[in-house]
Structure formats: C-alpha cells, structure tokens
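Which chain is which? The protein sequence lines are A and B, in order. Residue numbers are given in the numbering used here: position 3 of the first sequence equals residue 3, and the series is strictly consecutive. Residue numbers are given in the numbering used here: position 90 of the second sequence equals residue 90, and the series is strictly consecutive.
In short, the hints are calculated from the structure, not lab data. This structure is a prediction, so every number in the text was calculated from the model and none was measured. Think of the CB as a built atom: it goes at the ideal place given N, C-alpha and C, for glycine as much as any other residue. Incorrect hints may appear among the rest.
Beta-carbon label-pair distances, calculated as ranges [said to hold, decoys possible]:
1) B/Lys-42 - A/Trp-85: 36 to 44 Å
2) A/Asn-23 - B/Thr-186: 48 to 56 Å
3) A/Arg-194 - B/Glu-29: 57 to 65 Å
There are 2 protein chains.
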Amino acid sequence: MFNFGSDKKMHPLIQHIQKITGNHEIGDEAILPFFETGAFKKKGILQEEGKRCLLYFFVVKGCLRLFFNDHNGAEQTLQFSMENWWMTDMDAFRSERQSGYTIQALEPTEVLTITHKSYELMLTKFPVMEHYFRLVYERAYAASLLRIRMISRMPKDEFYDVFQSKYPAFMQRIPQKILASFLGFTPEYLSELRKKKVKRKDK
Amino acid sequence: MFNFGSDKKMHPLIQHIQKITGNHEIGDEAILPFFETGAFKKKGILQEEGKRCLLYFFVVKGCLRLFFNDHNGAEQTLQFSMENWWMTDMDAFRSERQSGYTIQALEPTEVLTITHKSYELMLTKFPVMEHYFRLVYERAYAASLLRIRMISRMPKDEFYDVFQSKYPAFMQRIPQKILASFLGFTPEYLSELRKKKVKRKDK
C-alpha cells in the first residue's frame with residue numbers, strides 16, 4: 001500500500017531514480033504500482049535456492065545477502081545489498097528459471113518486489129526506466145570487474161583494505177562469520193586481520 | 001568509412017542490436033555515424049594502462065584481452081572479447097579517467113570505437129540504444145556473478161570444465177600462456193590439466 005498524498009515525501013526508489021537519471025518528472029504514481037511491498041524479519045528467506053526465481057528485490061531499508069550451499073553444505077556468500085540496491089539471481093530471473101542462490105535478510109528488511117512481467121511492462125511503458133537500469137547495470141558491471149580483480153589477483157589483506165575503504169557500512173552491519181565467507185577467509189583469519197589493523201591504528 | 005548502399009548487408013553491430021532488442025527499424029544510417037573504425041595487428045595496443053580511457057570498443061572481427069601489470073610486473077588477464085562483444089575499462093570510460101587496464105589485440109582485429117560524448121549523444125537520440133545496452137549489461141552482470149562464483153568458490157579443474165563448456169571458442173583461439181593467466185593457473189598446470197582431459201576422452 002502506498003500513500004500518494006502530496007504531503008508525503010517521495011518513495012526512496014523514486015528518489016533513487018531521480019538521482020541516477022537526473023529526470024525529476026517521474027513520480028510515485030507512475031512507477032510504484034508495478035511493485036508490491038515486502039517486510040522480512042532478520043534471517044527471513046526472500047528466495048530459496050532451487051525454487052523458481054520470480055521476483056526482483058529493491059532494498060528500501062535493511063540488508064540482504066545472496067548465497068549458495070557448496071558441495072560440503074557450507075553457505076557461500078557472493079553478494080550483499082543494502083538501501084537502494086537491487087538483488088536477484090539475474091540469470092534465473094530473466095527466464096523465470098530455478099534460482100541458483102538463496103536470498104536472506106541479515107536485518108529486519110523492507111523491500112519492493114517486482115515480477116519479470118511487470119518489470120518488462122514498466123520498461124516498455126517508461127523509457128526513463130530503461131535509462132535508469134542501463135546506468136544501474138553499467139555501475140554494477142564496472143564494480144564486478146573490480147571485484148574479480150580483488151578476489152582473483154590481490155593478496156588477502158589488500159582485498160580486505162580495498163573492501164573496507166569502498167564499503168565501510170558493510171563492515172559495520174554484516175556478521176563476522178558471513179563477512180569472512182564473502183571474503184573467502186576463515187572467521188579466525190578475519191578476526192586476526194582485524195586485530196592487526198586495530199593495533200596498527202593505535203600506533 | 002561505411003558503405004550505406006542497399007546492396008550491402010547490415011553492419012554486424014546493427015545485426016546485433018536487432019537481434020538483442022527485436023527492433024528491426026534501426027539501421028546502419030542512424031547508428032554508425034557515432035562510431036569510427038579501427039584495425040589492429042596481432043599484439044596491437046588499443047588502450048594503455050595509465051592513459052586516459054576515451055574509447056569504448058565493439059569487436060567486429062578478432063579478439064581482445066584486458067589485463068593489468070601486477071606488483072611483480074606480471075600481466076594479469078581479466079577479460080576477453082570476441083565478435084559482438086564490447087570492451088573498455090567501464091569505470092574509467094564513464095568519467096574519462098586513467099584506465100586501470102591495457103587492452104590488446106590477440107588476433108588481427110577490427111573494431112568500432114566510440115567516445116563517451118558520442119555514446120551519451122547516441123543514447124539520448126535513440127531510445128532503442130538504451131534498451132540495447134540495458135540488455136547487454138544485464139547479461140554481462142549476470143555472467144559476472146557466475147564468474148565470481150567460479151573463481152572464488154570452485155576447485156580449479158571444475159572452473160576449467162565450466163569455462164570450456166560455456167566458451168569453447170576462447171579455448172581454441174587464446175594462447176595457452178594468456179589463458180592460464182586468466183584462469184589463475186600456471187601454464188604448466190593448464191598443460192597438465194589438458195592432457196588429463198584428453199586422456200579421459202580417449203578412454
């Protein structure tokens with residue numbers, strides 16, 4: 001349910017669209033009807049691995065992670081999303097196939113959700129949304145190249161430093177064990193590294 | 001120089017746009033004037049690491065790689081592009097800053113090149129190009145998630161198998177040493193792995 005009253009300030013998604021595109025003509029009324037809202041408790045599951053991927057999530061408030069279970073049954077975290085980020089298994093969403101990943105709330109989280117059909121309809125009806133998503137993906141794609149460089153070619157402690165300087169909020173909000181899995185560290189190694197960094201700052 | 005004569009078949013870029021978007025109204029005349037053409041010999045350099053990134057490349061024929069020099073002066077290859085793929089340091093191109101990467105031809109290669117200003121102008125003038133690039137980046141972004149999963153979470157020989165089944169052409173056309181660098185293997189390890197795979201097939 002959305003309140004379209006003029007006294008209410010714009011929805012965070014609309015603010016984000018206006019900020020990214022520079023287009024201030026687009027409003028709540030045009031875009032929000034394509035979405036539903038969702039609220040999840042901490043540890044709530046938004047998408048299950050192996051189930052059909054029917055929704056794309058926009059984080060209004062909170063934090064999500066995307067992970068899969070490896071051969072040993074360990075959870076391997078590949079992505080986080082906080083406020084104003086999008087999340088889905090894009091490959092599966094595009095064809096409504098089985099998701100290769102689970103999406104879980106790390107905090108109490110509010111999202112907008114959109115089906116693939118509504119997503120396509122919105123993009124056809126509002127060219128500004130093509131522009132918006134082109135820019136969103138351009139950034140995401142640029143970030144993924146840096147990410148690949150970090151995980152495949154950097155020493156572990158340098159990866160930690162770059163990640164911390166680019167995404168300080170993640171370091172604050174994400175549980176140690178999950179952050180370690182994302183970085184490809186053991187929780188013990190991450191804990192050692194943090195102690196070392198704190199010591200260096202104290203000097 | 002482009003020949004717009006009606007007897008000539010469409011340029012590969014226009015064919016690609018039509019294929020991806022399903023829009024068959026867009027033609028050579030509208031889009032190609034935004035581009036220049038370039039031809040490079042094998043080992044020719046299209047973009048130098050540390051120089052401003054002013055161009056975006058579309059591969060008409062041939063094969064490119066994107067790499068950087070690590071602390072030890074070793075070349076680390078992160079991406080390849082063949083026919084109908086785009087390549088640049090997207091992060092640097094968006095702001096015309098210094099490129100973090102070198103782009104080199106692995107074969108005699110023909111490209112289209114576009115400046116950032118022309119790219120933005122083309123996107124403003126032709127909404128179908130917003131649609132095209134949104135879809136191109138959506139795919140690239142989906143592929144990058146799989147790539148991150150492969151390099152960070154898969155055993156090396158499984159990574160090799162997945163890569164080979166998804167991109168068989170790369171395996172044929174890319175020199176062993178560069179392919180090994182891309183996969184994060186030593187050339188010796190790659191050579192051993194290939195021998196093992198061939199043996200298994202012979203059985």
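Verification of the hints:
Our hint of 36 to 44 Å for B/Lys-42 and A/Trp-85 holds, since their Cβ atoms are close to 41 Å apart. Separated by about 51 Å at the C-beta atoms, A/Asn-23 and B/Thr-186 satisfy the suggested range of 48 to 56 Å. In this structure, A/Arg-194 and B/Glu-29 meet the distance hint of 57 to 65 Å, their C-beta atoms being roughly 59 Å apart.
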